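Enquirer: Using the hints, position chain U against chain A.
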Amino acid sequence: MSWQCGAAQPILMDEELVQKAVDEQTPRDQGGRIARAEGIHLNEVLTIRLDFKHILKIDNLWDFTSLTRLYLNNNFIERVEGLDHLANLTWLNLSFNRIERIEGLESLRKLELLNLSNNRISVIENMDELDNLSHFFISNNLLEQLDNVLSLRKFKKLFDLNLSGNPLSKEDGYSYFIAAFFPNLTCLDFRLLSEEKKKEASIKHYLAVEKMRQEELQKQQADDAEQSRKAELQLHTDAFVEFLNGSNLFKSMFKDDPEAETLRCVTGVAHLLQTFEQQMGELCEQLFEIGLAEHKRREAEVNSFLSGHTKLVTDYQKKASQVLAEFEQQHQERMVEFRQLSDPDKLQVKIGHCNDAINQLSDSLMSLELKLNSQLEDIIKELDINISDMVGSFTETVQGIFAQFRDLEDTYHQNVRDIALATLEKVASDSVGEDMSGDVRWLFTDKNMVMDALATGHDNHLLKISDRETQCVTRVEAWKVSLVKGIQDKELKRNHKCIADTLKYMDHLREQLDEFQWPDL
Amino acid sequence: MADSSCPESHRINSAAQIRLLTFANNFQRQFSHMYPDRRPLLLFPTNECGVQKFVSTTLRATATVQPELFTWEGCAEFAASFLSLEPLDSPIDLPSYLFSPASVLKTQRATCFEFATLLCSLLLGVNYDAYCVSGYADKEMCLLDQSLQDCPLLDTPVQSVISEESQENKYKEKPQRSLKSHFMTQEEQKKKPSAEAALLENLKPDEQGEQRPVDRLRGLRLHCWVLVLSGSRSVQENFFIDPLTGISYGTAAAGFLGIESVWNNHNYYVNMQDCRSGCSDMVYDLEDVNMWEPLLFGATSKKQLIHEALNKNLYKMTQDVQEELEELEEQAFEMPRSWVSDVSITKKDLETRWPGGHKLTRYRKAELERFAPYLRPNGLITRLVSYKDLDCTEVLLVKEWYQHRTDHLEEREVNKVDNATTERFKRGRRFDLLFHRYESLTTDGAHEMKFSSIRVDNLVQRLVSPGEMTETFERRADSLYYRRVNFGRHVQFSEEHVNSEPATRLLQVVERFHRNSSKPANEDVAERVFLLAQRRIEVTYHLDADTFIPSHRSFIKPREATEQKKAEDFTQDMVSSFMVGLSDTPVKTLILYEMLVSLMKDEEMVVHQIEESLKEVRDIVSCREEEEGDIQLFFSPWTTTGAARARSKRQEMERQAAEEQSWLHENEKDILAPLLMRLDITDPLSADDAKELHQECLSEFKQKLVEDANLIQERYQNETQELQKKQQWYHQNQLDMTEQQEDEYQTYCSDRTLQIRVAMRRLKMHQEEAPLKYQALDERLREDPRLAPHLLS
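Protein chains in written order, with the numbering used here: chain A, 52 to 572; chain U, 618 to 1410.
If we strip away everything but chain A, and leave its shape as in the complex, we get:
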């Protein structure tokens, strides 16, 4: 380890050092010459070697945004830092340094190879983001806990691992332990893991591995369930009927309604409430089903539009390609002719012909594009009409069902009112039985208060229903508008781009022609 104990002074990693390293690694051949002539941009450099440089601190690397390989081995680095901008890094060598902690790797999501051998690391940590890690070398460090290594199990792509020279690797059965808990590993400590060994190891540690696997499996299943739940909710939201299955709407109506609870205790109200909830639930379910079916229909419509769109565009592309191929063949022949012609007058005439041909090509391509554009606009209009019809009918259905909600609410309110009035009378005449609690009795002493509470509750319920209705209807409308708008915008952009490209190509052809016209220039 002469580079460490030699006379060399640790140096700072400054711009000059980095620039020099980049310059040194540029090859001396023609490619390198061209690169130098054009100037090397640090954000285009893919690899950089900074080994054996006595570097103390990682620095000045923020320009290298497309760097994929970084060699910082055999330096005096003590902290892993300054790597935050190297998002494309796949290969990082930090071996033979003085690192004590794994850190600063959070932004290296594409990292595949990580070499931390010959450092002073005692714990494997802070590596959660390295999903693509496949090679991990951490030999000759101070790792002691075998269980600590198990945190590497979550790297599904890991197949090459080196742990030799750590205190933990001297433990009995260390290699069997690793082989059992990392069944995907092919290499351990630079040696191929044989199938027999893996088998033996899995038998040895069967119970522990199985237990761990079960736990992971459960976690995985929970995650999956969560995922599918989310996906379902997303589907419902896309169909604009989220939370309409079951009695969510009903519950939300009665959520902030303290009087309702009190009223429930009045005889007859509880029953009314129950019927109300049931009826609401049925209607909601109906609405929900309709919503999903409508969503499917809309989706099918849009898909059929998209496939029709693609077909149309490809057809026209084919036609244009034909035109273009014909032109290009003739053009090639003409070019060959030009090269052979020496008489400037004849050349002029020929060039005139060629110009005509280019104009003709431009015309035919433009007319094709025009036709395509009008065809596409036609089908977009058709889609707009179809989707509008669907959305319209869906909106009507929704409004109809919400009107039924309102009717239900009205009936309920009427019934409760009647009961309340009857109870009021009873309370007034003091002919109620002992079964009425004090609270309720107290409430029913004041007629105005009861009526107010009922009216407010009713208003609240109606408001909730209306809110949900508006939400549904406006969102479906907004979806339609944005869909059609998006398609129209895309078509507009496509049209512009196509025309621009055609014009650009014409300019390109004319430029070529000009070179012949004034060869001296």
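By construction, these hints were calculated from the structure, which means they are not laboratory data. Everything numeric in this text was worked out from a predicted model, so none of it was measured. Don't take every hint at face value.
[To be verified] Negatives, chain U to chain A, calculated, CB over 12 Å:
hint : residue
1    : 641
2    : 1169
3    : 1372
[To be verified] Derived lysine-lysine pairs resembling DSS-like cross-links, with alpha carbons at most 30 Å apart:
hint : chain 1 : residue 1 : chain 2 : residue 2
4    : U       : 1319      : U       : 1266
5    : U       : 965       : A       : 370
6    : A       : 422       : A       : 544
7    : U       : 791       : A       : 370
No residue lacks a Cβ here, since even glycine has one placed at the ideal position from N, Cα and C.
Expert: Frame of chain A; chain U shown alone:
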């Protein structure tokens, strides 16, 4: 006709048969009395031994062990192909004889009645409800003249085009209104009929040529065929089989003109229906006495048997009752057993098929020749020659089918019009060739080759013509699917050119790629054109979803360094590019340079691959030539020919082995022979002679060993001396020697020492082995049968 080798049943009628004959005689007399205008019935023709036999008894239900004959198709094909037709003596008179199926199988010649009898016997044997039908048919059928029919092998299978678009998409291109004059369309319409008429007129002469003169004997020509009724063996509908061709017809087919009678092995039925308008309206309910008059009343019919078999299980309970009923019924006369001896069909018969293993059939404008497997040394089994005209003079197409060939050739089609030969192969041959089309089997002609999809380079098709080669690929990892190569003119695919300078010959290479959707369209190459002659490379990229014009780059290759000049530098001017898209940041020179470098590398590789391809073409052609020159067949041991061949081969091998053994035995060295000759001792040896012989032999051997040892010794000494001489010479001249001489000396020395060492080793070995050899000889002499008795002491 009488043949003493016939079994007794052939020569003599049993009592039951005689009774049957009297019945039949009676029946015939009554029939001719009641229906004087009807023609006579075929009831008891004479058999091969000149004995009258009733036709039903000539049918013998024969079950075979050959799986091919378990279906009616197999039986019909066998009967049609195994026998050759012998026309009736008179086409309108019933034959006076009907040979048994057994003898027919032996001679392989048969009239239509014997054909039908054999086929019917086979069908009855495998449980079909089959009948022989005696009736009238048209001339072509009676005489087995198929020259009016199209060959069944000729019609090419029409590939049904299944429309891909299962459902019409409503978002599609609206057709543009075409402006068209009504008047013009009307005029067009008027013209059409006259054109059609002209077309018809053109057709007519051809058809007229095919018209045959009207047959004077139509409706009188006798024929015999087979009727299969529905009910057994899951036959759904009644049908006819023409035994001469083995083809089945519906019962309403036009070729059958009338039916006189039908019979099977149980009964004989005379048709009572009117068949002036052919057989189309006939009803085949044989139980109905108004339509079919049976010869034997109350005899079991097939239908009854089927019924009984079905009901057996149902009526098990009431069996006793039934038996009683049966007993009550009047015992009817049953058809006696067949007199025909066993009909046996061997595997060899099935394989050889046609008489002599070969058959020629004439069809309309075509001739079909069929051969038994292994009959022809080149494995030919079927040859179809189709002609241009009806008289079969101008050959249009020769199609041949092969089997068991080691070069996997299955089909060859020679088109005489455009002179192209098309060959099709089974999978698994060399180069994975499946299809080969060529005009001449030489390297400089046009070739079309198709390959099976298991090739490593995913090549599917290759078209070679002078000056051009096109290759098509499928499912390649680099999504290349098409490559076209243009060669310089007047260059042929001959050996010298390829080896000398391939690069100069290639004019241009075009490669096309499928779209790889993981790349942006602007970077995904759609077409590469290597213009080798112009030192240019053109790259066209795929079309984006939106645009009409693809991006395009054209590179000019910088000159390589020559002895006079240094290599040309790469500059921006060498690239002309047109990139679609609005972003106008120019691509850096370095990137362009890297592109060019990789393209040039690819070019080299492509050129190499093309060379390989050309080489392969030559290899294939020469391989095919070789194979055609020496055609080998696989002999499957499961065929009789193959088995016979294998047996004879094994016998031959055994014979050779035995011969060799005996030869070895004879030539075993008689060590005593020279001595015996020299000492002039004759057998038997006396005791003294034997001893003398023994001693003589041993001493001679000893002498030989010593001589050998001396020889080796001498050689050893010679070598040593030579080496010493050389060494002395070396020491004298050591100082003024060149390096080369020194080297030579060194090698010489090492050679010599090696030889010396070998000689020493040999001497040593000889010394060790000599006594052993001597002892071995002694023992052998003592065991010699001539000396042993005298040397025991």
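Enquirer: Indicate, hint by hint, whether the structure satisfies it.
Expert: Consistency of the hints with the structure:
no.: 1; hint: 641; verdict: holds, 78 Å
no.: 2; hint: 1169; verdict: violated, 9 Å
no.: 3; hint: 1372; verdict: holds, 50 Å
no.: 4; hint: U/1319 to U/1266; verdict: violated, 49 Å
no.: 5; hint: U/965 to A/370; verdict: violated, 64 Å
no.: 6; hint: A/422 to A/544; verdict: holds, 16 Å
no.: 7; hint: U/791 to A/370; verdict: holds, 16 Å
Of the numbered hints stated above, those contradicted by the structure are hints 2, 4, 5, listed in ascending order.
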